[in-house]
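This is what each chain is made of:
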Amino acid sequence: MSFPLLSAITFTPVTVGMLLLLFPADRHTEIRITALAGATLTLFLSIWAYVSYDISLAGYQFVERLNWVPALGISYYVGVDGLSLPMVLLTGIVIFTGVLISWKIDDRPREFFAFLFLLATGVFGVFVALDLFHLFFFYEIAVFPMYLLIAIWGWKVSREYAAMKLTLYLFIGSVVAVVGALAMYFAAGMNTFDMLALQNANFPADFQRFWFPFIFFGFAVLAGIFPFHNWSPEGHVAAPTAVSMFHAGVLMKLGAFAALRVGVMLLPAGAHYWMPWIVFLALINIVYGAFVAMMQRDLKYVIGFSSVSHMGLVTMGVASLTPLGITGAGLQMFSHGAMTALFFACVGMIYDQAHTRDIPSLGGFGAKMPLVAVAFIIGGLVSMGMPGFSGFIAEQPIFMGVWAAGQTTSQYYLGQQYAWIDLVAVIAIAITAAYILRAVHQVFFTKLPAEFEHHVGDVTVLDKVALVVLVGVLLALGWFPAWMAPLVASSAANVMTILQGAAG
Amino acid sequence: MNASALTVWLIPVPPLLSAAVILLFTFRSRWLSHTVALTAIGISLVLGWSVVFGALGTPHFADHPLASSIDWLPTGNTALRMGVAVDPLTVVMLFFVPLACALIILYSVGYSNFGKALDAHDAVGSPPHNGVEPMYTRFFAFLSLFSGAMLLLVVADNLLLLFFGWEIMGLCSYLLIGFWHGRNYADPHQTTPRQAAVKAFLTTRLADVVMLLGIAYLYSETGTLNFREIFFNPELMEKLLATPSYISGLAAAHLIGLLLFSGTVGKSAQFPLHTWLPDAMEGPTPVSAMIHAAAMVSAGVYMVIRVFPLLAAGAAHGGSPVLAVMTVVGSFTALFAATIAVAQNDVKKVLAYSTISQLGFMITALGIGAYIAAAFHLMTHAFFKALLFLGSGSIIHGMEHGAHHTHEHIDPQDMRNMGGLAARMPVTYMTFLIGGLSLAGFPFVTAGFWSKDEILADALAHGHTTVLVVLLLAAFLTAFYTMRQISLTFWGAPRTESAAHAHESAWTMTLPLVVLAFFAVTAGYVGVHHEFPVLGHLLGENPFEHFLMGSLPAELDGFSFSWTPVMLSVFVGLGGLLAGWLVYGRRPLGAGAADPVQVALGPVHTLLGNKYYLDEFYQAAFVGPAKWISAVFVSRIVDRGIIDGLLHSLARLALGIGSGTVLFEKWGVNYVPDQLADGVQATGDRSRFVQTGQVQTYLLGVVVAVLAMTAALLIAAR
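From first to last, the protein sequence lines stand for chains A and B. Note that the working numbering has the first sequence beginning at 1, numbered continuously upward. Note that the working numbering has the second sequence beginning at 1, numbered continuously upward.
No wet-lab data here; the hints were simulated from the structure. Some hints here could point you the wrong way.
[Claimed, not checked] Now the stretches of chain B that chain A is said to cover, found in silico as 3 or more residues with beta-carbon under 8 angstroms:
{"hint": "1", "segment": "193-205"}
{"hint": "2", "segment": "631-637"}
{"hint": "3", "segment": "697-703"}
[As the list claims (entries may be wrong)] Computed far set for chain B versus chain A, every beta-carbon distance over 10 angstroms:
{"hint": "4", "residue": "182"}
{"hint": "5", "residue": "562"}
{"hint": "6", "residue": "673"}
Remember, predicted model here, so these are calculated numbers, not experimental data. From the three backbone atoms N, C-alpha and C, an ideal C-beta is built for every residue, glycine too.
Excised from the complex, chain A in its bound form:
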């Protein structure tokens, strides 16, 4: 048996986390160095998996399977394809940069990093899962540390409220999804949670139509779908920087990813039936998020609502049920993950020094921390979908996909409106420029308020490394999409095969 790479990726973080708990609590430096080493190892392993995936074979690779609870058909079953592999890489990048910029945390860093690593394990576990039970198991593992991280290390004003809101939303969502999953388990009657086997279960169309919303919305809550998006900006604002990065960068993708993996791929006929509605909801996400973001005063709320808006694009891409749209959604998950991680890193650096995120009272930070300004502007250009940055590479296929989908969904009323939906969505993306430019100008270019003159300085080298890594990823994907796009496209083609099987 070859080296169990995916298991190594999944369990390295939690092992490092456990190791950290063995340290005496006051050995902060040693704790940080160990955490960084663990994160570096994780990043390295995920890069290794990424480069050694064989695109010419496509399909699921690095597969491992062990019996877990054989009586119930539960197994430890992992493997990655072109949709999950970029997510694994993204998680590796976010944990690495997240540890770098959490260097300054002085309040119980040992526990902080331990929980962060536990979170990472949960996230990895979901992305690599090929067994439905396995997927839920890690899904819950990912949600639980979020509560503690926000409630303990969060922003004092709203952390308890936000942590509670987030946890309740996510648990209720996952409970709804679990019900759907159990329905599938019993309906299939194959005594297995193996998702690849369930793909061939041929559920009756009525069954699929009934249960699809359970699965899809249960997971899509985590992707911030309207009207269940409300926990997300609140959670961002309350969370400490690294947790915001994780939350927007990776955790929200978990929802979209699982909705696609479990909802669309196991219940394709249900997907066909519900998709026009979901495209419409995604449109609301996009427009609504953009409008709310426009008038926020708190920089984190701006970014939080922009995430709601941009995650709507992911949902829209998935819901277009076209190869282009799904490819775009996959790319957007990666691109948006790196982009919001970058945004929240920048906001965190500003807040650390200014102790405020109120946009009108900030100003002139461009001169004090030039690299942060450049990074933030690049993040902004990504989110506006400027060519040459990853956002364009991801959003363009989504718009194309929705447009193309409009030509085949005319049996539904909403399906006939895809062109208009597309038009409104692209215009909403143009609105993005309004709030990003406003924030950029106010925070970085106006006159520096006198109170910041002396105690605001440049960021640390570690912070800069984190920013450069994230910016590098965004630019690399923007100019040379060929290192990721074919990978995602290969899996999108697989999803299409399943969907066509259901339609035909």
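Model the placement of chain B on the given structure of chain A, informed by the hints.
The following block gives chain B in isolation, referenced to the frame of chain A:
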């Protein structure tokens, strides 16, 4: 990839690279930075012109253009390819774009006061008073990026790469219009550079995303974005024309065309999205020249010429609705903007509206099918408008110098403060005069005359009488306001002390003016109608048209030469100039005197001066409601009110149910057992007194009990 294809790939690279080099490495040295920028654009110029002259020397170049491409973004079964191509249209662009860019960058050296010391009063983000520009090196980096993006757009062989260049230019326009981001005015209603930059970016961006949708539509219909693969494939074009679109009655080709044209409406500032362009004058003057002549607005026209076959699809049978829209938008814009230009007092604002108007001419030309005339006017306009903008920059520079010298507080851009500059700035005067006459269409000599005449002749030859009348009116007004501008600026006596103390600019500024002036005259001779008496034959039988013919598959209806349009052109050109001279030139305006046209027109002049109050209308109709939706409707009502309200009500409900459960637990579930327990306890309490702990009492009880039982037994036994 052969050598000449490689050359084409390399054309946009040096300026793009130089932007990065300046920002990352040479930003400490002003001299090094502008040298890098000039060298880079110089290399592009040499590479570009080597391609241009290579192509000019190739017979039937249109039939085998240069092309080269690579796989870029594989999506599903197909792959988006990125590539470059040079056909005759590109050759035309490659002739004037790098030249104009190079001259503008050279001009910027003098404009940014290179060689002077940094003035202690100057702050980053504000225009320098008399010292060197504080953000000198950054300025050259942005200008380089701008030039590189335009060159990228020009050599692109597909819409996607074109869009790359298109958007980078949009970004550069934001950065450069808002270059003096710290500048504020005493009058709170005056647009600041920052506001202008945001406005320009958002307006063009809005149009761009709609265009992007057109690109997406085109790709989903054809599976490619390569110009030649689409337009030179008759079957594909047939299919696009035959496919119905989402909007009933409109073919796919036409909806795509309209979506793409939307991009041009934004980028080339056509009505109703033109309002960003006059405000964009807030940027430094070389930027205005870059945006309004060499690059950005030209890109919009270039793009629609590029996709002309699509726009014109079906024009031969029953007309194309896209062309009809373009004709209406273009001709309306041409006249509309010209009327506003008459009432502007800012030397750059006049030019801004004239740009919008001239772009309207080009769009109209395309609308009536004369794409070669449009390309011709695009080229000549680039030369004379770049000249005029740079000239106005030189004027302002001279005025600022005067104002600095005399400590006068005047607006150095207001033409009412000028006058008599001809003697003080002779090179600027002569070149500006040439540019102005070219814009006005001074007959038979200037480039502007020939290109404008070709559009008018085409309109007449194909029976577009209304269009002809509108354009003639616009051309008359053009000549009129040009003469007004020249008179107010250069002639008569200085109306302020600053104007009296103005002086000529440095050679780096005047040399570009001279070079551009040369082309503003000569560039027209390549496109004289081949049947034009004497000249047509002498100038090589309209080489421009011959060369360009065939770069697009669209059939062009030729027309034979006629004196009518020529006489009309001469008449409106000279007539406008004469009218301008009669009003402003003959009796120069005195200091503080009212504008005679203002006096004559009264409230109409106020309407024109305020640009028909369109900005105010947009503010009230779109910006205000959008802010309301954002701040009040979605943020407060929906998000905080409805969603959170529901959520919190649910939470309260859950709490309520919880409390209810507690009560039920207390009164419903626990009542009986509690009562039972209480009863047992009470019984115990009440019977406790029995348990005294005294043996005597217990014994007494036993005795009593025994007696009682005995008695009971005795009674029972009886």
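Worksheet item: Among the hints numbered above, which are violated by the structure, and what are their numbers in rising order?
Response: Those not satisfied are hints 3, 4.
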